[in-house]
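Construct all of the structure, not just a fragment, from the sequences and the given hints.
Number of protein chains: 2
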Amino acid sequence: MIIALDAFGTDHAPLPEVEGAVLAIKENACEKILLVGKEEVLKKELEKYYYDTNRIEVINASQVVTMDDKASSSVRKSMKDSSLVQTILLHKNGLADAAVSAGNTGAVMAAALLNIGRIKNVMRPAISIHLPTLKGNTVMLDVGANVDCTPDYLVQFARLGSLYSQFFYKIDQPKVALLNIGEESVKGNELAKKTYQLLLVEPGINFVGNIEGKEAMKGEVNVVICDGFVGNVMLKTLEGAAISIFRMMKEQIKKDWIAKIGAMLSFPVYQYLKKKLDHSEHGGALLTGINGTVLVAHGSSNAIAIKNAVRFSARIAESGFLEHAREFFESSTSQT
Amino acid sequence: MIIALDAFGTDHAPLPEVEGAVLAIKENACEKILLVGKEEVLKKELEKYYYDTNRIEVINASQVVTMDDKASSSVRKSMKDSSLVQTILLHKNGLADAAVSAGNTGAVMAAALLNIGRIKNVMRPAISIHLPTLKGNTVMLDVGANVDCTPDYLVQFARLGSLYSQFFYKIDQPKVALLNIGEESVKGNELAKKTYQLLLVEPGINFVGNIEGKEAMKGEVNVVICDGFVGNVMLKTLEGAAISIFRMMKEQIKKDWIAKIGAMLSFPVYQYLKKKLDHSEHGGALLTGINGTVLVAHGSSNAIAIKNAVRFSARIAESGFLEHAREFFESSTSQT
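Quick note, the sequences are listed as chains A and B, same order.
So that you can map any letter, position 175 of the first sequence is 175 in my numbering, and since no number is skipped, the others follow by simple counting.
So that you can map any letter, position 38 of the second sequence is 38 in my numbering, and since no number is skipped, the others follow by simple counting.
Simulated from the structure, these hints should not be mistaken for laboratory data.
Please read these numbers as outputs of a predicted model, since none were measured by experiment.
Worth double-checking, as some hints may not be accurate.
Intra- or inter-copy, both count: the list cannot distinguish identical chains.
Quick list of in silico lysine-lysine cross-link-like pairs, BS3-like style, CA-CA up to 30 Å [claimed, not checked]:
no., residue 1, residue 2
1, Lys218, Lys135
2, Lys43, Lys170
3, Lys193, Lys175
4, Lys120, Lys187
5, Lys218, Lys255
6, Lys187, Lys80
7, Lys32, Lys48
8, Lys175, Lys250
9, Lys44, Lys194
10, Lys92, Lys194
11, Lys250, Lys135
12, Lys175, Lys218
13, Lys170, Lys255
14, Lys135, Lys255
15, Lys214, Lys175
16, Lys92, Lys135
17, Lys175, Lys80
18, Lys135, Lys170
19, Lys44, Lys80
20, Lys44, Lys193
21, Lys187, Lys214
22, Lys214, Lys43
23, Lys38, Lys194
24, Lys214, Lys193
25, Lys218, Lys32
26, Lys135, Lys214
The structure is reproduced here in structure tokens:
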């Protein structure tokens, strides 16, 4: 797999991208990386590392999309030579099997929509992430692309998530649940109630009903669907909860020297937990419904997170998810 | 303060309620408790305890509203002699300064709405809770009463939350924030964007802008407002996150005997954290906007949680919040 990597996405770009690319090659996360950005800067930075130079190619792009650029206007107008748009174009033009950027999610989505577009008949692409759960792998979508949804969008998210779970995780009949405030079918807002009824009769979807936030974290369903507003609030609450709990723990431990010794002894456990809850370990968010494999890594990614995102994108690209999603939606004439 | 306490709300009723009432009296959480439910059962249970018998009075109510009863129909029809409705009526009729129940939140809300009603000009009552934060006290509303909201409802929630923070916590100009998926004013769904604009021009509200879930947990704002669907998802995600993190920790600790010793030494820290994150320590949820002081405790409450809820309801009743909320809304003619 050849992966196009935007070298100017993270907060500390291009350092994590360059080191992450080298790590990815060393660990055989993919065959080759097209590292996109200011050529001189990248070549100079790459000189610091020892690696198979045939497997990282620098592609020049003179501009950078910053976090402050308004997502769509930035990619629409002046940013044609930005590292982000060039990364997307390499994938679009078949020179790369997937595109990875740690830039602003809105900008990446806009660039992907404008340059690659949606899978035919997909109404809205959705951002999918992996929930950190007690067991197994749970995909959740949408976590931010569509803040106002209709029931039809959510049914398509269910399909995309289901196909993803099926081909990426090799799960036979993925259990799909609707994020809601109670298990009963009558629970929830208008959107949830209407979506519930549609999912009940949607063929080929293993709909297991409503799920609450706390149940979702147990990891007993494979796909959780929700509108992008609620999904984003939930995702950020999870991040915040983990950070807050560790901080509270740290502060309490400071006050008590016996607990301090205890904490030192249990340090590997904290490390494991931090890793498990850290989104960077999950490799990034997939723009499901885009007619390509485009992955967004977190802006705060370090080299390891970038390496994971590269590996993750290669695994998705070879999973067959995209081809099967295309096949399903292109042959479904009921959708527009 | 005299508190009416539904003795048949919790999952293990009436044991936690009876013991909780005795504890509340022993700790002077209030002057007197009217314990509502099956007289014979309660009197027999109370005989097990040593306490000032003048300060707990049993009020007979022969029926019980179960979790399975559909909220509104149960209180509307046959449940007039239920412990829940009788508890609410004692408060309505001025025999108690506040009402506390650990029953189904929907049923308590329905009973309060039907028997006490809303403060004049309040469009929708909201469920308010205290967020467990790193510092200070943050009130969040609505966490489940109104799953489909209009911007006007949210502006009223902001007012209710602000008055609550002002009178209960004695905070001079409570900082009010809107739960959203980003800080910028253009972020969010239609509801959030419209509410943002209304709050900007709402007199007497110290609106500090949008807040994300993870920021809310830092406790730097006093009031967080949101629609009841999103609020409920966030609340349950927090609960789930805490449970999951502790469970993951436990499982990892089991695998490593050094970490096990460490965990034993840091045990007081875990206890502190569990307590801090445990909603029962926060005393319950207030039905803000109801023309009375009605508190819902968690169905899984133990005696200590019930005691805390009683204490909490007494503190709210004496805070002046209700009187000031009435004064504000009754004189606001722009609302219907």
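Hint check:
no. : hint               : in the structure
1   : Lys218 with Lys135 : both (7 Å within a copy, 28 Å between copies)
2   : Lys43 with Lys170  : neither (39 Å within a copy, 60 Å between copies)
3   : Lys193 with Lys175 : within (19 Å within a copy, 34 Å between copies)
4   : Lys120 with Lys187 : between (33 Å within a copy, 28 Å between copies)
5   : Lys218 with Lys255 : between (33 Å within a copy, 20 Å between copies)
6   : Lys187 with Lys80  : between (46 Å within a copy, 25 Å between copies)
7   : Lys32 with Lys48   : within (19 Å within a copy, 76 Å between copies)
8   : Lys175 with Lys250 : between (38 Å within a copy, 27 Å between copies)
9   : Lys44 with Lys194  : neither (56 Å within a copy, 49 Å between copies)
10  : Lys92 with Lys194  : neither (36 Å within a copy, 38 Å between copies)
11  : Lys250 with Lys135 : both (26 Å within a copy, 14 Å between copies)
12  : Lys175 with Lys218 : within (13 Å within a copy, 35 Å between copies)
13  : Lys170 with Lys255 : between (48 Å within a copy, 29 Å between copies)
14  : Lys135 with Lys255 : between (34 Å within a copy, 16 Å between copies)
15  : Lys214 with Lys175 : both (17 Å within a copy, 29 Å between copies)
16  : Lys92 with Lys135  : neither (36 Å within a copy, 49 Å between copies)
17  : Lys175 with Lys80  : neither (41 Å within a copy, 42 Å between copies)
18  : Lys135 with Lys170 : within (16 Å within a copy, 45 Å between copies)
19  : Lys44 with Lys80   : within (24 Å within a copy, 80 Å between copies)
20  : Lys44 with Lys193  : neither (56 Å within a copy, 45 Å between copies)
21  : Lys187 with Lys214 : both (16 Å within a copy, 26 Å between copies)
22  : Lys214 with Lys43  : neither (47 Å within a copy, 38 Å between copies)
23  : Lys38 with Lys194  : neither (49 Å within a copy, 41 Å between copies)
24  : Lys214 with Lys193 : both (20 Å within a copy, 28 Å between copies)
25  : Lys218 with Lys32  : neither (37 Å within a copy, 43 Å between copies)
26  : Lys135 with Lys214 : both (14 Å within a copy, 24 Å between copies)
Against the hints set out earlier in the document, violations occur for numbers 2, 9, 10, 16, 17, 20, 22, 23 and 25.
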